[in-house]
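Work out the full structure, taking the sequences as your base and the hints as a guide.
Protein chains in written order, with this note's numbering: chain S, 254 to 616; chain A, 44 to 568; chain X, 262 to 678.
These are calculated hints, taken from the structure and not from any lab test.
Keep in mind that this is a model prediction, so the values were computed, not measured.
Among the clues, some could well be false.
Unchecked claim - Under the rule of at most 25 Å between Cα atoms (straight-line distance), these lysine-lysine pairs were calculated in the DSS-like manner: (1) S:Lys546 - A:Lys451; (2) S:Lys546 - A:Lys426; (3) A:Lys460 - S:Lys601; (4) S:Lys546 - A:Lys404; (5) S:Lys480 - A:Lys387; (6) A:Lys451 - A:Lys404; (7) X:Lys467 - A:Lys184; (8) S:Lys546 - A:Lys460; (9) X:Lys493 - S:Lys598; (10) S:Lys598 - A:Lys82; (11) A:Lys172 - X:Lys493; (12) A:Lys172 - A:Lys184; (13) A:Lys460 - A:Lys404; (14) X:Lys467 - A:Lys180; (15) A:Lys538 - A:Lys370; (16) A:Lys187 - X:Lys467; (17) A:Lys393 - A:Lys344; (18) S:Lys480 - A:Lys404; (19) X:Lys467 - A:Lys173; (20) S:Lys480 - A:Lys460; (21) A:Lys460 - S:Lys598; (22) A:Lys187 - A:Lys172; (23) A:Lys426 - S:Lys480; (24) A:Lys370 - S:Lys480; (25) A:Lys451 - A:Lys505; (26) A:Lys425 - S:Lys480; (27) S:Lys601 - A:Lys82; (28) S:Lys480 - A:Lys393; (29) A:Lys425 - A:Lys404; (30) X:Lys493 - S:Lys601; (31) A:Lys172 - X:Lys467; (32) A:Lys505 - A:Lys393; (33) A:Lys434 - S:Lys546; (34) A:Lys381 - A:Lys425; (35) A:Lys425 - S:Lys546; (36) X:Lys493 - A:Lys173; (37) A:Lys425 - A:Lys344.
Unchecked claim - Distance ranges between label pairs, derived from CB positions: (38) S:Ser431 - X:Gly528: 37 to 45 Å; (39) S:Ser605 - A:Val285: 29 to 37 Å; (40) X:Ala375 - A:Glu135: 26 to 34 Å.
Note that CB positions come from ideal geometry on N, CA and C, so glycine has one too.
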Amino acid sequence: MMAQDRSKRNFLSFFSGKQFLIPLAALLALVIFNLIADPEFFRVTLGRNSAGDPVLAGNLISILDNGSELAILAIGMTLVTAASGGQDISAGAVIAICGSALLRVLCGSDLTSGQIQSPIIVAFLVCCLVGMLCGAFNGALVAFFRIQPMVATLILFTAGRSIAAWINNNELPMVADSTFASFGGYIKGVPMPTPFFIALICFAAVWALLRFTSLGLYVQSVGISEKTSRLNGLDPRIVKVGVFVIMGLCCAVAALIKVSRLKTINYSIIAKDIEMDAILAVALGGNPLSGGKFRMSSSILGAYVIQFLTTTLYKFDVQSDALSAYKAAAVIILVVLSSPVVREKLMKLLRSLSEPETAGKQV
Amino acid sequence: MFVCGESQDVPALIFRGNYMKENSILEMRGISRSFLSVKALQNVDFTLCRGEIMALMGENGAGKSTLIKILTGVYTKDSGEIYLKGHSGPVEISSPQQAQELGISTVYQEIPLCPNLSVAENIYAGRHKKRLISWRKLNEKAEKLLSSLGIPASPVQPLGSCSVAVQQMIAIARAVDMECSILVLDEPTSSLDEQETERLFELMRQLRSKGTGIIFVTHFLDQVYDICDRVTVLRDGRLTGVYNVSDITRVQLVAEMLGRELDDSPVAAEAEDKAVGEVLYHGRNIHSSENIAPFELTVRKGEISGFAGLLGSGRSECVRAVFGADKGTDGNVVMNGKTVSIRKPSDAIKNGIAYLSEDRKAEGIIGELSVRENIILALQVKKGFFRPFSKSEAEGFADEYIRALGIKTASADTPVKELSGGNQQKVILARWLLTHPEYLILDEPTRGIDIGAKADIQRLVKKLADDGMSVTFISSELGEMLGICSRLFVMRDRKMVGQLSGRQLSEDNIMKTIAGGEHDGAGPQ
Amino acid sequence: MKIKRIHKKRFCDLSDSTVLTMITAAVFVILYVFAMIVFQKGFLKPQTFFNLLNANAALMILSCGMTVVMVAGGIDISVGGVSALVTMCCAVFIDHHGGSFTGAALLALGIGLAFGLVQGFLVAYLEIQPFIITLAGMFFARGMTTIVCEAPFNVQNEDFVRIRETRINVPFLGSVNKNGIFINAYIEIGVIVALLTAAALFFLLKWTRTGRAFYAVGGNRQSALMLGINVKQTVFLSHLICGLLAGIGGFVYFMHVGSGSAANAAGAEMNAIASAIIGGTNLMGGAGNIIGTLLGTLTLALMQNIVSSAGLDQAWWTGITIAVMLCIFLIVQSVLIAAVILHRNPLTYGSMPAEFLYNLTKKSVGASSAQVLCGVALHEKSPPDRVHRQIIVYRIRGQTLFMGSIIYPVFCFFLSS
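Shown next, in the form of structure tokens:
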């Protein structure tokens, strides 16, 4: 009887616990769907790029490549969600600001020649600084003025792209430097796209951060009970500003990749709707959107699953503007399935389904 | 699930199977309800007669609030039937609104009315008969009601600008005005002082004489004997028994609640003077933004001191100021002979002060985190951001304290919110003991937890003091304070008005000091 | 102690929302007078004012819907997307399918209602965070707009153009043009629709049981439930009304611009939220009023107008201005909320923003002037139990800072240009 009880509980906890299984199941569903629709989807070939270097090509590679920015953002979004119980919807706009600042430093006053005027590292550091400033601004509104995160970030969400245009006086600087281009493309002789490696570095960094500091404990405590955290000597405000600053940093890194891919910037289109994808990644990772406990690996996997979905949709000739409709539908389904009310009803249904079985066995 | 062995275990105190008794207005039969896997109520019967005050008692987790919430339509029941006078056959109560329509009105302890609406609206919200509202009529009616009950509030003022006690009175006024046949009071006295409680009791007696049945949920034994006619006791989601208050002694009642025999007073009073240790903490002019008069506090090593005073007299605010828990805390503090500045909790922790808040849910536990994480939290923060404990270290700490304090938990990985109140309190205590404080402040550590855990905590506090730790202990129960503390600071109207120790410690003396008798002047002014 | 009983509201009995509305009204008047003095030509004409109405009728409707949803404690950021979808669907319906004007109007209502229904159901009955649902709703609507028709186009249908260009003259108001002919000021049909909607909602919120339920639910859901209010139904209704108004707003927008485009009503959700907040609607729910929202919309529009009159015509200034305005108002509101929290629940430490702003003022103008400006002297001298006075003090702080922060940058613009 006990054993049966336990197995039943495990079966049920499949839906309530075990976070990692949610994105994994979604991934599996997508893989199976693509296998049935077109097995060619998974083919990876070794081709040559325009520079004549051998590179890997194929949908899987492009998912790993294009999913990088999203995965990096998912790191920040997970922390923001956990600590503040809200989401940062200004991510795309902040990427635009960071990218614009990056180009401004790179190109200096000379916008058209394509020659870079200052070292890339300096430009990147400025870009990071700008990102962290934006994060700090959001964080300050949330932590010190106690504005709901989503509304606080709404400010940059609207103003961000305008600010980005303003930084470069609404002109579009071009960069034609091959070193700079390699951040969004390929390093000579390496067949995998660079963004993938940048993402790996970010994962390693966040792993180290979680492993060698108390970030995880602090963020979760603040997210669950701010008052208790304060009484235990934590300053919730600093933790909140901190996670928003990390989010800003993630945006800066994503901006580097994005701008390097394009070699220029388009203020109104760059990283459009990416915040939506990042929130989706966090939700898909099974992290509660109301804050508290989180699992980073789950979010990152979630991000790649989203990219998988995007690639699949593209493959079916869905317009990029219309993409958001499908993803929004996916979000709604996901959020509905993970809502406690629906979950409780599902559990009841499952229990009533499994009960006759156990009753039958008892007889 | 048709195997139902429990029904035979229920004491034959209830008339089962019959139709409603002649003068009863409410009968709940065989009520069960479970939350996911937890059975909160199992086959509970409950009856209420016309014109009686029925106390509903039980430890935390006994199922009182679940029963109340089923009656008022907040929760749905899994099985069972509810009969009301004037309704043939069982009634279904599926929403608070419906409960109101059936004449059941409720005053909840922890859920206030709407602070943003005006007083008048709060009294009449949710019960407008017409779709449109006439503000003039509404205010006039409210005015009459408020003055007839002697509640000092204006109908147009926003409820949020009234004091908590007045808000509670307004909630009761609302319930009274609905001319309900059943009034449910869920721990209404916990935020009222004695006078206000007395006024509430007066109101309850009036209602009783008019024939209203009142269900009174409380933790205070005194109040049960003061005002109630009968008492229903629940334990672990089951009905233990229904008794006439005049037929049952306190010891019996406590024993019923606990399911075991206990001494009437768990801790014997202690008369002897302890050897006085050296001064650990001395603070002058301590103040915070919480409207307390600046006070002076001296704490000696190995001593248990306490803050006595009525609720709202500022005793919690004082210890919070010592710990730096509130904004604007400051004062001249000397600890172990060194001048220190304590302005926020982290300062206090650094200096070896620990504080257990009275609000366990909001300021004590971190519900979703595991017992282990809850235990190491304070020490981790003290140790620093860049030096996290390894998993094995954390496990070591957790296991040690789970054993030492006898915390009942499935494992160290269980989320702390799944523990019972007493065990949660022990987890928080473990958290603070782990930081090895020199000065431990406990604000109502024994409130709302079962008597077994209460005795455990009392014993622990004494042992800690014997080992040289200074403890400040606050409790609403004077008897408990007298049993534990060797010195008491007495508070009145947010001012420290006196200090009592040694032979001065007696209930009589404390009462006099609180009331402003001869003992004035002993404290700093 | 005998309490004086008066039915008249004292100052401290006014809700925060009313105070904020009063501030907004004052700001609007001050800004308008200011604009009249500085840019005499344009702003002295009555038509300029009516053009503010004409151009923002749709936004007013959206803001009113937003107010209802925010009062009930939710938020709906899908309104802009729904409006865009409505414009596109109506355009396609009239132009490609030869639909009638009435049909298009019904279609608009239907789309709005559908969004309101679904979102309301998900938020109210499945208890999902409104922000997430309506964010998804926004993306869904924007995506659908592209799916319905990719390219933006103008509607050529004659009937429609005739109705859309109907102008209603305002009696006695107007200006003399270059040739000395008196031209009446006019408004569009949309303005009438907007004003009617606003009037209906004002009535709903103030005098009906349902309307008061919105406030109760927004103030404290649990309490509202215990008071016997059907919370789920109320939340559902608030989203339904907001969705419906998004449909109406979208149609009014369509009448104003006469085209279907995915770029229509871009950022309208943001403007609507900003208008509501500026007009005194509490972000956390439970406070707000329609008049304030209308004033908020107008203030916002006026700000944009002034910014562009000042020669800062580039597109990005609009976005930045709104963001700055919203930022300021949010901070003011947070100061007020902090004061209220401080007063209602002494255990929280919410006075931070007010203190922060006070310290900031102190640093820039010195302690004594800061005390006068922010009314702190009163606070520091007040006996410890006077909470009421404390609130007034914080309000004074909020007002002072708010006025300063709005008017100061405007002055800077003109000093520099």
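Practice task
Identify every previously stated hint that the structure contradicts and give their numbers, smallest first.
Solution key: none
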